[in-house]
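Asks: Spelled out from the first residue to the last, the chains are:
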Amino acid sequence: MKKIQHTGVIREYDLHAPAVKAGYGFVIFLCCLAVIVAVFPLIWVTLAGFKDLKEFLSSTSIFPKSFSLEPFAVTWNQLGITKNYLNSLISVAGSVICALIFNGLLGYGLGILKPKGYGVVKKLVTLSLLMPATISIVPLFMNIQKLGLGSSFLPLWLSFGANAMYVILFMQFFESLPRSIIEASRIDGCSQLQTFFRIVLPLSKPICVVVAIFAINAAWSDFLLPYLVLRGTPKETVMVRLFKFSTEQTVNEDTMMRSVVFSMIPPIILFFIFQKQLTENSVSVGIKG
Amino acid sequence: MSAGKESRIRTHARLRENVTSWLIMVPGLLLMLFFVWEPLFESVRMSLYKTRNVELVRFIGLDNFVSVVSKDDFMQALVNTFSYTFWSLLLGFGLPVLLAILINETTRGKGLFRTAVYLPNMLPGLAVIILWSAFFSGGKSGVLNILIGRLGIPPQSYLTRSEWVIPIIILIATWKGAGATALIYMAGMAGISPELYEAAAIDGATVRQRVFHILLPAVRKLAGTLLILQIISVFQIMYEPMVLTKGGPDNASLSLMQLMWQYAFGGSMNYGKASAVAVIVTLILLVMTAIYSFFNRRESDWE
Numbered sequence: 001m002k003k004i005q006h007t008g009v010i011r012e013y014d015l016h017a018p019a020v021k022a023g024y025g026f027v028i029f030l031c032c033l034a035v036i037v038a039v040f041p042l043i044w045v046t047l048a049g050f051k052d053l054k055e056f057l058s059s060t061s062i063f064p065k066s067f068s069l070e071p072f073a074v075t076w077n078q079l080g081i082t083k084n085y086l087n088s089l090i091s092v093a094g095s096v097i098c099a100l101i102f103n104g105l106l107g108y109g110l111g112i113l114k115p116k117g118y119g120v121v122k123k124l125v126t127l128s129l130l131m132p133a134t135i136s137i138v139p140l141f142m143n144i145q146k147l148g149l150g151s152s153f154l155p156l157w158l159s160f161g162a163n164a165m166y167v168i169l170f171m172q173f174f175e176s177l178p179r180s181i182i183e184a185s186r187i188d189g190c191s192q193l194q195t196f197f198r199i200v201l202p203l204s205k206p207i208c209v210v211v212a213i214f215a216i217n218a219a220w221s222d223f224l225l226p227y228l229v230l231r232g233t234p235k236e237t238v239m240v241r242l243f244k245f246s247t248e249q250t251v252n253e254d255t256m257m258r259s260v261v262f263s264m265i266p267p268i269i270l271f272f273i274f275q276k277q278l279t280e281n282s283v284s285v286g287i288k289g
Numbered sequence: 290m291s292a293g294k295e296s297r298i299r300t301h302a303r304l305r306e307n308v309t310s311w312l313i314m315v316p317g318l319l320l321m322l323f324f325v326w327e328p329l330f331e332s333v334r335m336s337l338y339k340t341r342n343v344e345l346v347r348f349i350g351l352d353n354f355v356s357v358v359s360k361d362d363f364m365q366a367l368v369n370t371f372s373y374t375f376w377s378l379l380l381g382f383g384l385p386v387l388l389a390i391l392i393n394e395t396t397r398g399k400g401l402f403r404t405a406v407y408l409p410n411m412l413p414g415l416a417v418i419i420l421w422s423a424f425f426s427g428g429k430s431g432v433l434n435i436l437i438g439r440l441g442i443p444p445q446s447y448l449t450r451s452e453w454v455i456p457i458i459i460l461i462a463t464w465k466g467a468g469a470t471a472l473i474y475m476a477g478m479a480g481i482s483p484e485l486y487e488a489a490a491i492d493g494a495t496v497r498q499r500v501f502h503i504l505l506p507a508v509r510k511l512a513g514t515l516l517i518l519q520i521i522s523v524f525q526i527m528y529e530p531m532v533l534t535k536g537g538p539d540n541a542s543l544s545l546m547q548l549m550w551q552y553a554f555g556g557s558m559n560y561g562k563a564s565a566v567a568v569i570v571t572l573i574l575l576v577m578t579a580i581y582s583f584f585n586r587r588e589s590d591w592e
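Those sequence lines, one after another, are chains G and D. If you're matching positions, the first sequence starts at 1 in the numbering used here and goes up one per residue. If you're matching positions, the second sequence starts at 290 in the numbering used here and goes up one per residue.
Here chain D stands alone, though its shape is the one from the complex (with noise of 0.2 Å):
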């Protein structure tokens, strides 16, 4: 009889802790549903309804994604996302690591090499990409002209160069966020044991043998996770060519994000479109993010 009023009191006491629990989490619950995971619903739930300003017209069903994408722009769009994200990985994916495995062997200067590689990232986004822009300007002032001109080299344009544009933007983000980057690198090959590489001295490893066979190795893991947040978040470049180029020239630079932005806020307000835009890019992100998961599976079976 007791053990039962007992244990009836825990019950009773186990709920109150478990309901005053949850009424701690509630605000940023509350945050998350109104910042974060209603938007995301909000906007499939757009891209199929005719919209007029806030309001949703009419279902509409697919109409919006076909409107869309039988515009010559998206096509350019996607074409030219993709293209970000090939020269992202080309020239950004590699660097953060090369950084992290030079400074990692440094020993004096060590916290200035780290300092000063991790200062671009602190800086606001914008700011970044405006300071460039005078470095590319093509006139005779623009910086690197002023910089090739003491080498003898005219001046040249730059922004205006289509086969040129997208580069250069990815090399302005890489140089914003590499140095960050490489920092988690080193963090990942602090924990190596040194014993390891002295170790593998003894048995007469060479260096770049120790490089190769030790420290790449240690950071593996930890590259694949980076690779496909990088990925991500450079499907989404949007402010970068919006400030930088306009798109332009010609829609070179035009990203799949900026088109939903114009759809937006450029003037006709089309959020249907915009949304029908952004639940593409959310999808493309998907099936990578799918794929990615997979084959790190696989590769996760076999060791």
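Isolated chain G (complex conformation) (with noise of 0.2 Å):
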């Protein structure tokens, strides 16, 4: 088994001391401390799930009366989310898919191939990072209008394949990859796609795991453009319902809050499988920028 050790600036001979050995005990409580505002709101969400509205309006108790799983069951129906649970998998799966191929490529050519001229381009999605993003969402919706794609879901997934921080991230991590095996690739005749496809991807898969899960995961919880994009169609995802929800008041609260346990669903489960990757890889990948 492996010896726990100490990382941080407390060391081992430090806690021999009482008052340090104090404030280490203050330290595991504080940290105890953050963990449960941290989860509090979401246990008390699901809890309140149960309440119908006459309880969720009068309740002062954090508990509910009974755990039934009905009122979940009613909303769920009364709504018809199993059709914004389709759509939302529909608009996340075309996202990812949009997000590896386009970043992917454009990574490997700012990353490997460096064709002349390519620091110009390196340089703009560099920028593109500081561009505050929601700032052109007024002229994209425009430009989507104009070219006939309101109501679809291409223009979601292709809006993925243009973001700047999964560009750096493939960018750097095939940076880091040694260079001999590219060149043997490319002097055994592979061309540049197939060194990309059969030598480099291989290679990548912790960072196509990491860039997949931020764009499942953003995908999921986007609601501005998705709203512009698909507001009164039936391809609604289910954030766009609660987006409207919250800002057409059509439910009651009892129900709202039913439906914010329906959207982070998801999200809690994909945390939980890859929990591992998102609190240790992907964080010291991306702080290198």
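Don't take every hint at face value.
Estimated spans, in silico, between C-beta atoms of each pair [unchecked claim]: (1) Ile265(G) / Phe584(D): 44 to 50 Å; (2) Leu575(D) / Lys54(G): 48 to 54 Å; (3) Ile269(G) / Ser356(D): 46 to 52 Å.
Which bits of chain G does chain D cover? Going by a derived footprint, with three or more residues having C-beta under 8 Å, they are [stated by the list, open to error]: (4) 10-21; (5) 37-51; (6) 71-78; (7) 153-164; (8) 187-201; (9) 228-236; (10) 262-273.
These are calculated hints, taken from the structure and not from any lab test. Positions of the beta carbon are idealized from the N, C-alpha and C atoms, including for glycine.
Take the two lone chains, each set in its own frame, and fit them into one complex as the hints suggest.
Replies: Spelled out as structure tokens, the structure:
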């Protein structure tokens, strides 16, 4: 078994001093407090979902009177959430594919191929990282309408193919690959594209997983552009529905809380499957920008 | 003769390689152009035109800007947006550093702490806002009121008080983001060699001295980068007040980007004026980024 080692400022021998030991206890206490603050709202909203409207508005208890799943089932069916879930799934799937292919290829060009003049593109992509994203939503929406792409998933999918952060993540990962392998493949007569699919991609599983998780989560949570593009069509996603509930106030508060729970289930599942990648891998990759 | 031919073939091959490489990048570049770069230029152009629906009617110079700025709600939104930034730096900048230092010290349960504080960041932002709106709801069934009721304090109303609404929105945003930022700091702290601490300890440095003279200086550069990213993101705050308070009470939480959204999609479809607001926000951000990088360069000159 691996010995537990102190990684922090406080070293093992410090703990002999009672003051430091007490301080260390306080550190643990604060960490536990942080965990409670982070998790409590989620537990609360789930519990609140069990309450009906009358109980929700009048009860001063955090726990519901009964733990019957019926209110959830009723809300799910009443609002027809199944359809929204399917739409979200379609939107997420296309977005992830676009995020991997387009950003991956651009990252490959900037990180490995480096054709003449690539520096300009690299600068532009890095600058886009600093450019506020929501600011261009108005002209973007106009462009989409002009092209007749309104009420279609296509612009939402493709928008994930133009993410400066994903490009940079790919680029940095590709730059870290040993050049000799890539050169060997070129000498063996592989074209640039063949090298990408046969050599680079199989070596890039870690970064693909990270970008895919980011993209899945972002595509699921996105609602501004999806709202503008899909509102009023049968293609509304879960988040678009939720946004409409919150701005148009067409549903009661208890129903709203259950919808919130529905919208959080997939990200939470994703989180528990990939928590290791999310809390270790991605972060150390992400900061090198 | 043959050497010349060979070099010509090589140049030819180089050229072909360059062309293929660019072709590989073209799909991604086209998407960047369509979704990121062109809209940015388009919003500058549109801000100078009178618009009707998606059409540009005629060039009107800075009229959109004048008309947007001269309205009362613009000044209110501008002040509010700076207020958001102020509160965000006050509540949200130091907290991730503190969290990172604390979790970095733990040995057992470190994985649990990391996982738990990162969790809120995975949740959809919209769901988070709606969830917290029930927390701060004013009736006796609002969660915060239930909690303070246990301490014997009578129910309060929160989101209807103009002086509380911005700090509350920032508090929610901090709840969502602080853990993820803390993990970035932790990655930076993991790069510090434990030998540094040991050497300092042998020299008699206390735990506090080690924090202030080894740990914090090591993440200072990272903190600078995260600072500017935080300012950029909080300056674009939009859907949070839109959903939580609709900008109220009495425009007390109206943000600049929310004003932009209202011009564009709030019924009047005035894309020209909306773009004018967007351009103003972009300019402010550009100036702030420039100031930051100026000071940053000065500092690194001294080092």
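Asks: Of the hints stated earlier, which fail here?
Replies: 6 and 9
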